[in-house]
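So the protein sequences, as listed, match chains X and Y.
Under this note's numbering, the residues of the first sequence are numbered 1 to 345, in order.
Under this note's numbering, the residues of the second sequence are numbered 346 to 666, in order.
Hint data in this document are derived by calculation from the structure and do not stem from the laboratory.
Any given hint might turn out to be false.
[Stated by the list, open to error] Have a look at the derived ranges for each label pair, beta carbon to beta carbon:
| id | chain 1 | residue 1 | chain 2 | residue 2 | range |
| --- | --- | --- | --- | --- | --- |
| 1 | Y | R417 | X | L211 | 17 to 27 Å |
| 2 | X | L211 | Y | P420 | 26 to 36 Å |
| 3 | Y | P420 | X | I264 | 42 to 52 Å |
Even for Gly, the Cβ is constructed at its ideal location relative to N, Cα and C.
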Amino acid sequence: MCDRPSVGAGNGDPMTTSGVIQELTATGLEESPKAEQAERRRKQRGGRRPSFTMFLVIVPFLVLIFLFSYFPLYGWIYSLYDYKPALGLQGSEFVGLQWFQLLVGSPTQVAQIGQVLLNTLAISFLGIATSVLPLAFAIFLNEVKAPWFRGAVQTLTTLPNFISWVLVYMIAFSLFSSTGLVNGVLSDMGLITVPVKFLDSDENVWITMTLWSVWKGLGWGAIIYLAAISGIDRELYEAAEIDGAGRFQRMWYITVPQLMPTYIVLLLLSVANLLNNGMEQYYVFQNAFNKEHIQVLDLYVYNIGMTGNNLSMATAIGMLKSLISVALLFTVNGIAKRVRGQSIV
Amino acid sequence: MTTTTSTTALTAVNPTQQPRTPAPRRTPGSIAFTMLNALVFVLLAFVCAYPFYYLIINSVSANDLAALGEVRWFPQGFHLSNYEQVFQLNGLPMAAIVTVARTVIGTAATVLASAFLGFMFTQERMWARQFWYRFTIITMYFSAGLIPVFIVMKNLGLTNNFWVYVLPFIVQPFFIILVKTYVESMPASLQEAAEVDGANIVQIFFRIYLPNMTPILATVAIFSGVAQWNSFQDTLIYITDQSLYTLQYLLYMFINQANSLAQAMANSGGNVGAIVDAATSQTPTSIRMTISVIVVLPIIFIYPLFQRFFVKGIMLGAVKG
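Please work from the sequences and hints to get the whole structure.
The structure is reproduced here in structure tokens:
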């Protein structure tokens with residue numbers, strides 16, 4: 001009955017794993033087959049005359065979209081100026097491609113941006129490497145048979161997803177600062193005499209950042225796979241059992257392959273987001289000690305633009321980042337289209 | 346990526362549903378695996394939940410013990426004066442008001458706009474519907490970048506302005522897709538009947554569709570509410586006026602800058618200094634933990650409620666189909 005994990009389960013088609021993915025990824029640029037069915041129904045709805053009034057009532061919202069999403073694109077022009085807010089664009093000096101040349105020409109700048117890119121890619125790849133963890137979480141949690149236990153585990157492990165990075169940092173601070181819990185426990189056990197500097201250190205920054213992301217996102221990330229598992233045809237398992245497949249064989253030869261399409265889609269999306277780590281996590285965790293290895297692109301743009309006041313340089317880097325991200329998205333989408341016959345955006 | 350994370354919630358599994366795989370045979374190996382498996386999940390759940398518990402017990406424990414990280418399993422020297430004290434901190438009551446206001450106003454605006462646009466984009470008759478729909482949705486996939494957006498906000502007079510917490514969040518493509526999908530699953534006869542009665546499109550939306558969209562709107566409301574409550578970055582970028590600081594931002598400042606906390610404590614008047622009892626005198630650690638608990642408690646309380654709501658929403662969707 002209700003175990004079809006569908007959003008607007010209105011069309012009565014059986015929810016298979018691919019159905020879940022479709023719900024997950026059919027984000028409207030190309031309307032899904034479901035939308036086609038709805039289209040047919042809508043054809044019966046109302047007349048064929050185009051209604052201008054219907055357009056007018058949404059204009060205020062379109063204006064908001066224009067202002068906050070499209071209009072800022074004009075700001076890319078700042079990357080061609082030495083923009084000083086006090087002078088305005090008119091008063092600022094036009095410098096052409098100076099910032100872009102600096103980006104690839106100046107040795108200090110190249111070294112800096114190289115480190116930033118390295119951080120960005122390292123943290124992104126660690127994120128991709130750990131993306132199997134939610135998958136494993138779901139598969140093993142599915143082996144737990146007591147519903148109350150599954151429910152409790154899901155509730156508790158999903159909670160960190162709903163708190164802000166500031167609070168995650170507060171938790172990190174309470175547990176791992178020099179007077180925090182972990183150092184207290186370690187010294188009580190006689191393992192250390194001097195507090196370990198977990199936070200004020202430049203060592204293993206990429207790994208600790210990844211671990212915090214895993215802590216925050218593991219339970220939440222598993223939900224999509226649990227939904228997909230509940231959509232797997234039970235007969236597959238029954239048939240396998242009749243054929244003598246054991247518990248692990250059923251997990252490995254049925255559950256895992258059935259979840260692969262979902263996993264691949266999420267993997268492709270994370271590849272498309274290779275440069276977009278966001279800045280919040282890294283901003284709250286950054287300090288004078290770990291700055292070199294924590295600065296990812298998004299944070300770097302903030303640091304040089306808002307803190308360092310070089311708005312033009314920050315715009316130039318942000319613009320390159322946006323263009324590369326869009327290109328990555330198209331590439332990944334093209335691959336998905338060719339391989340799966342279905343686009344992911 | 347918000348796109349994917351939000352959808353997953355909609356498809357959240359009913360935790361109480363029957364397991365789909367047949368029960369394993371009870372071999373010793375199988376039993377050992379079951380035990381080990383359960384143990385790993387107990388550990389994972391502990392790792393996720395204990396930090397919250399740690400903050401809570403420390404906020405009600407003797408402050409000198411809390412500052413040393415000595416309170417680990419149970420509150421020691423139980424007292425609630427931290428909670429009285431933090432609201433006398435300079436700036437905290439205002440931050441609480443701002444945070445609640447942005448959460449309530451921002452969420453209401455987002456929910457209404459998502460409902461309306463999601464509904465309107467199902468209207469085949471709308472002039473250039475397909476074009477405007479794509480115009481809206483495609484904004485999920487690109488961004489002009491931090492600085493150009495900042496300059497636009499500045500030019501619009503939205504820096505140091507409460508509405509920067511609301512206006513940019515009103516139109517959210519992903520929520521619009523959710524609502525649109527939901528409306529498409531509702532019977533078209535609803536609208537036809539109202540049209541026969543002579544209702545216009547706005548009336549049809551408010552009287553017929555809006556009241557029937559509750560499950561999907563609850564989902565939108567929860568995500569948007571949590572995002573508003575947790576938002577930190579917009580204060581950091583657009584706000585310098587202290588009267589517009591949010592709780593998250595204040596907490597960040599108190600964690601990272603010992604000075605700002607000391608100042609806020611000094612400015613809070615004689616109250617802090619007046620307490621002589623060593624166990625209850627304020628320390629930065631206990632103040633920070635108490636604020637953290639205030640910031641996280643609403644989430645902890647609301648969360649189990651909305652987890653159930655998803656299950657309900659899924660069932661409603663299924664029945665409607």
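Evaluation of the provided hints:
Between R417 (chain Y) and L211 (chain X) the Cβ separation comes to about 21 Å, which falls inside the hinted range of 17 to 27 Å. Hint check: L211 (chain X) to P420 (chain Y), Cβ distance near 28 Å, so the stated range 26 to 36 Å holds. A beta carbon spacing of about 48 Å between P420 (chain Y) and I264 (chain X) agrees with the range 42 to 52 Å that was offered as a hint.
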